[in-house]
Each structure stands twice: as structure tokens, then as C-alpha cells.
Amino acid sequence: MEATDVKKAAADEQTRKTIRTALVYTLLGIWAVLVLFPFYWMVLTSIKGYGAYNAEYVPQFFTLNPTLENYTLAFTAVPLAKYFFNTIIFTLITTALMMVVVIFSAFAFARLDFKGKDILFSLFLSLMMIPNELVIITNFVTITNLGLRNTFTGLILPSVTSVFYIYLLKENFEQIPENLYKAAKVDGTSDMRYLFKVMLPISRPTIVTIAILKVIECWNLYVWPRLITDDRNYFLVSNGIQEIRENGFGRENVPAMMAAVVVISVPLVVLFLCFRHKIMEGVARGGTKG
Amino acid sequence: MKIVLEHLTKRFPNRNKKIKEEVVAVNDFNFEIPDGKLIGLLGPSGCGKSTALNLICGLETPTEGRIYFGNTDVTDLPPERRGVGLVFQNYALYPHLTVRENIRFPLENLRGKDKLTKEQMEEKVREAAELVQIKELLDRRPGEMSGGQQQRVAIARALVKRPQVLLLDEPLSNLDARLRLQTREELRRIQVETGITTVFVTHDQEEAMSISDMIVVMKEGVLQQMGEPQSIYDDPDNLFVASFLGTPKINVFNGRVEKSGIYIGDSKVLDAYGVKDRKVYVAIRPEGFVVDPEGALCCSLINREVMGRDTSLVATHPDFTGERIRAIIPSEQVVEKGTSSVRFSLKPAKVCIFDAESGRRIRL
Amino acid sequence: MKKNLTALLCLLPAIFFLGVFMVYPLIDVFVYSFEEGYNFASRSYFGTGLYNYSYVLHDPFFIQALKNTFILVIITVPLSTGIALLISLELSSVRVLRDFFQTVYFLPYVTNTLAVGLVFMILFKKTAYSDGLVSILIQLFGGPGIDFIDGPYWAKMFVMCFYTIWIVMPFKILILTSALASVNPMYYKAAQVDATPRWRIFFKITLPMISPMVFYLVITGFIGAFKAYSDEVALFGTDLNAAGMNTIVGYVYDMLYGNSGGYPSYASAAALILFAIVFTITTINLMVSRKTVIYQ
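Chains as they are written, first to last, in our numbering: chain A, 1 to 290; chain B, 1 to 364; chain C, 1 to 296.
Pulled out of the complex, with its shape left as it was, chain A reads as follows (with noise of 0.2 Å):
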């Protein structure tokens, strides 16, 4: 092959790859719009006044005269406050709660030796299998039976075992060598001194994985409090966001919805922004939506 043609083929692979990552990176921020536009969307729309909003047949991409009066009305006019701090006590509570559960039987399953240990948790795995559609019915029945209805307890109790987050943690102890329990035992340290002092410490980003992934869980919760709660002053965030919609502000006050959902979504978004590198790490080990 002569000089020129080497060097002539050289500069082609150049252009085509400069065309083709042009490419790459116009599609991908394609998609980054897409995804970003309906949170550009709620943030501009929920600073328009309600004239204004009204007044625009072809929506404006900015404006120029922001305005927080939707805030204002958004924890005046509708109780989301209340939602707000409703969604919190239960997140709160329904986590810290799971958190015990999810922790004791890991450690059982994962370090205590006792009888049917094998068979308990196979059975405990077949029932990850099982969809919630199915159990929720009885759920309803038996919470409803129990005047639960329209609690905290009856919101709460259903969600404060995992089958899936049992088994990830279970996992995760069982890989802090043998060794360690066995200095342990020779030092004479009791089992939940072994399990509070060694594996929880060691265990801790997976730990802190799940417990930010059943926060995310929790605050998008909808079915179950929509089936439980009629009573506005139990609502959780995603129910009181469609009470807005369907009885909202008296009359159809977008820009004063679009402040509300702007400020349901945000504690999420923050959260989500803070443990990036932990809750995506977290999801890719096997987490699923809903």
C-alpha cells in the first residue's frame, strides 16, 4: 500500500468516526429531552401566574414573570401538607420497621444454624414469586375486618416485609468470611453483639442500598393507600396528588397542580441526586420497580 493511500484511509476512519460519535451524541441528547422536558415542564409551568398560564393558546417555553403564589396556594388551598407530612411518618415507620425485619432474618438465615433452616427459606424464596395483585384482595378484606381502615397501622403493616431485600441482605452477610464469627465466638462475643457490632457494620452500604430503595418505594406507593384510606387526612402523596387533580383547586388551576407535584417530586429527586452512585448500584444488583 503506498504512503497516500495510508494515510488517505487514515483520515477517512477519521471522518467517519466523527460522524458517527456526532451521532451517538445526538441521540442520546434526544433522549435526555425527553426525559428532562416534563420536569422543565412542571418547574416553568408551576411559576406561571394562573392568568397568565391561561391566557397562552400556544404554551410559552419561559416566563418572564415568575411567581411562588402558586407554592402559597398549593399548601393553602389543599391540605399537602398534610399529605406531605402524612408520607413521611409512613415512610419513615414503614422502613425503620422493615429494616428489622429484613435485618433479623438475614442474620438467622445467614449465620444461625437451626432445624428446617433449608426449607424455610426455599419457602420464603417461592414467595417472591407471588404478585401483590394477588395477595391484596385478602389484604383489603382482613385490614378492613380489623377497622383498620383509614390508620397508620392498616397503611403500614403490609409493607414491612421483604422477601426480596431478606434474600439480597442474606447474601451480602453471608460473604464476610466464616472467620470473622469464629474470632468472634472465641472472644466470647454473643450473637447479637456478633450481628450488631461486625455484620451490620461491614453490611452497611447494602444496608443503607435498600433502606434508600424502600424510601423511594414508599413514597410512590399508590394502590394500597388508595385501597385503604378514604379519609383525606391519611392520604399519602400520590393519592392526595389525585385528589388535586380530580377535586383540586375548586376550579382547574394547573399551574397551582404543577406546584404541587413539583413539590411532592423534589425530596426524591434530591435524595436520588445526593446517593446517585448507591441507589443505581443498588437497582442494578437486582432491584425492580413496583
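Since the hints were derived computationally from the structure, they do not count as laboratory data. Bear in mind the structure is a predicted one, so any value in this text is a computation, not a measurement. Backbone N, C-alpha and C define an ideal beta-carbon position, used for all residues, glycine too. One should not assume that every hint holds.
Partial list, computed: chain B residues near chain A (C-beta under 7 Å) [as the list claims (entries may be wrong)]:
id : residue
1  : Phe88
2  : His96
3  : Pro106
4  : Asn109
Fit chains B and C to the supplied structure of chain A, relying on the hints for placement.
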């Protein structure tokens, strides 16, 4: 604190659940470890030495037999009540705790009247760290230290409670050759300084020989021989012990005893008065060979390796059980290059004969 | 003995909650589904049999829900998996801004579907004041003005599929990018040295290597799409039957509690039919995968 094992036996169910037969890891152990000594539990991997250690430690409960520390029967006591310290092959340091916290960990378990104040703990941690010479590393985490340093921390953690018995499971095998040498001397120093009865498990005979006061040789769960390193080396009870100890390995020939003489092939190599005629194994230590033109044992020479202080001769013989005979002779005894065969006479003290059927030693 | 006790205490909460809220309901839902004419208030019924199933299968609302769900599944599962694969491939090929894109693409995962669904509704809905942004954009290019929320069936179906894909994308992109990242670069280098064309690298190396993950996504995608419900509520409101956009799960909940609610027997029968469908599809998937997926 002396340790006494009486008819100690440990059987495990077979891993393969279809096989009913149990695995006997430790088979009827009877021996006594004197107070304040360093004992090496020696054997090839899978011989049950770690199980024996775990039994002494209390991590496993024996199927049969008793264990005494001094005059106390500790068989049914959990590890923490026995007053033992244990060091693992891979150190088993808690990765999330600093060295200080690791060493302090056992102290924090003490409850009731044994409970220590913060200052007492700190004092004990400092003492232990000083003993193993890692004072300047107290605030590091295990991940930031070399294997040798981690091993010292592990020893400090095992010693901080002043155990009556210190147990070490393959303490040196995760270290590189240079560190291993250094650490084993260190181990010996610490043991002598503290005077704690120490048992360590190893598959490395050189390691066991070099620092132990006594060696216990095991094979397939059965105790083969125990005694001082030199006496076991010189006076092995059976063929397994003879070939397991010593590098290069002892040279084993097929031979026979006939008319009060030991024969390899047709050559009578040594006298054996009072021994019945039979087939035997003749085992000769590498240093038991003497180059002697008049010698009875004639071998074909393959190679000679000069090692400075002495010379190693590699040879073969039709009745040799292995592949290569290794004889070590002083450098002064010159064997010319190109020699194809060499005659040896043998040092009687360096030759043992074993019954060909049972492998038992036949003492002369 | 003491060990058994400790273990029991540790497991007690999990066993209790799983027993009450998983195992018992599982048995109960079968019982309900065969009890004819179960009355919520008196907790009585007047017979056992297959009537509930027959009722559900003849209910036009259920047929509509079944149809909607199947259309949704057939459109969104292949489309979302394909687009996710394309985006992940591109994402893995770039270095600059990669972290940024990854973060952005994951955002929908952490948002409340009800809340963001509302934004989609605003974008697509025709109101007294405005035709909605999307409709206006279409008109800009000479198309007709369409109300995607209260308009023709196909328009509503389009929004529903679009939103569903938007929602499931983050999970798929994430799984596929980590699958792609775990392919040993050694294979690519070897292929490059052999001057293998890009498409061939993709079909002969990349795809087989990540096939278990693609397959996992297809299965979870099917299961997830069959259980679609809250996305639809977000777009069309709680009365999905009226909007003609109900799904099977929506039908179950409506039967249980809602405008037409109070019939746990019908709800149970519908839920079991759904479960049977999902189970069958998953089994078929597994059978297909045994022939096509390469596990290392």
C-alpha cells in the same frame, strides 16, 4: 496451663449426603501438652489438625472424649469460658475497625465483675500492641497494612485477654518466605516472653521443627507420633513420620532383612541383629550417605548440585521407591564431574527400617 | 436448642407478616374466587363454583381491560427493550458526559408516577384554553389537532404506551449498561484485531454476552406491563372504565373497591386470571430462552 486430651474423637456427617458413613476428622486422641510450651500440630492438609485445634478452642464439640485445661474439664465450656486466644490463617481482623478497636474488641465483651473501665482497656491494648511491636499502627485499618503487620495485630487481639492457651491456625502460611522466617522467630519470642501454652497448626514441617518445643504429627485423623522435633526426626515411629519430616525428603528403598543383615538389592548395606527375616523399607536421610569407593550401595549418578556449604547428589537406584535419590555430602568430598556411578556407605544412625506391610518402625 | 430459639425469635416477625399478608391471602384468594355471591357485609355466600370466572370473562369492562393490557404489553415491551438497548450501546461507547447522561436517564425511576403522569396529561390534554403542547406541535407540522386524553382510542393508547415506556426506561437502561460494562473488553480487542465489522461484533459478541440480562428485562417487562395500573390512573383519572382505558389490575381494584366495588369474589377471579396469563407467558418465555440465551 497444661492441656490434656483424652480419647478425643470428632466425626462429621459426610458432605455428600447420600453417603451415610461419617468422616472421622480426629480419631481417639490421647496426649498431654505440658504447661508453657510451644507445640506444633503437624500434618498434611486434610489430616484433621485444624479440627483438633477447633476442639481445643471450643468452636467444635467433640463426638467423644474429654479435654482438660489443667485439672478443669472444659469439654462442655463454650470458647469464651475456656480462656483461649485464637489466631487465624487469614487473620480474621474486622475490616471496619481500626487496629486499636480490633484489639479492644474482646475486652468489650467482658461483663459483670470482669468488666473493664475505658482506661484499663486502653492500658491492656497498649501492652498487647507493645508486645507485638505495632504501637505506631494503632489507628490504621487492616486494609492498610501488610500481611505481617496484620498477623501481629491478630496475635495482639488473641493475647489481650491474657488467655491461658494461645491457638494459632496456620499462622504463617499467608506470608511470603522472608516474612515467614521473621514472623516465626517473632512468634517464638512472644511465646517465651508470655509463657503461654501455645498450640499452632501447620503443614510445613520446617516451620514446626524450627520453633516448637514439641511436635505432634497427624495423618488422617490419627496421631502418629509426638515428641521433641529432633527426636522425632531422628527416631520416627513409622514410615509416614519419617518421610513427612525433613527436607530433602528421606530416601526410601525396597529392601529386606536376611540373616541379620539389611539388604538393598543384593548388597548388604548394614547389620541388623535380632530382627526376623522379612521385607522392609530402608529409609536413609540425605545426610546419611557417605561417598565411599568401598561402599555397599551403588547408585547411578544423574546430577550434582553444588550448594556451597555442601553438595547434593541426585541419583537413581532400581530399588528406590521414588524417582530421585538425594544425598547431601560435605563439599570437601569431591565427586568428579562426569562420574556415572557412585558408591555409598551409610551412617547407621541415619538409617531406619520399616516393616513393608505395616510401615511400622523396626528398631535395631 | 438455644440456637433454634434465637433463630425463631429472629425470624418470628418475618414469618408472622408473611404468613398474615402473603400466605393466608394466597389461599384465601382461591377460596374467594370460587365462592358465588359473596356478600361483604354479612360475609356469607350461597354456593361454590366457577360462576365468578364466567361473570368476569363475560364482563365487557374486563374484555376491554384485557384488550388494553395486551396492546400495552405487545407495544411497550419490545419497543422499550429495543430503545434501551440502543441507548445503552451508545452510552457505553462514549466517555464524555456519560455520567451526566446516566444520571438524567435514571431520573424517571425516582419520580412519583402519579405526579409526573399529571405533567404528561397537561402536555397532551386539550382544554378550553389550549390544545395542549403536543397537539399544537403536531398542528405546526400540518397535522390535525388531537386530544390525546379524552380523544380517540388510538390517541389515548399512544399516550399510555409513551408514558409507560418513559417510566420503564431507566431500569432497562441501567441494567443493560451494567451488563455491557461487565463484558470483558478482551473480547472486543480480539474482535478488533480480526477486523470484525461493528454489526458483527454486536450480534456475535455483545448480544450473546448480555443475552441473559436482555432476557431478564423481557421477562420482568412482561410481568410489569401486565400489572400496569397507576400510570393509567395518572393519565386518565381514577375512573378508567369510563375512559375506556382500564387494565386488568385496574379492573381488579375497581371490583374490590371503587365506583363499582364491593365484589372481592369477582376481583379474586380476575386476579387469578391475570396470574394465569402472566404465569403462562413467563413459562413460554423461559422455554424460548432455553434455546436462545447463552449463560456463561
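- Hint by hint, which ones does the structure fall short of? none
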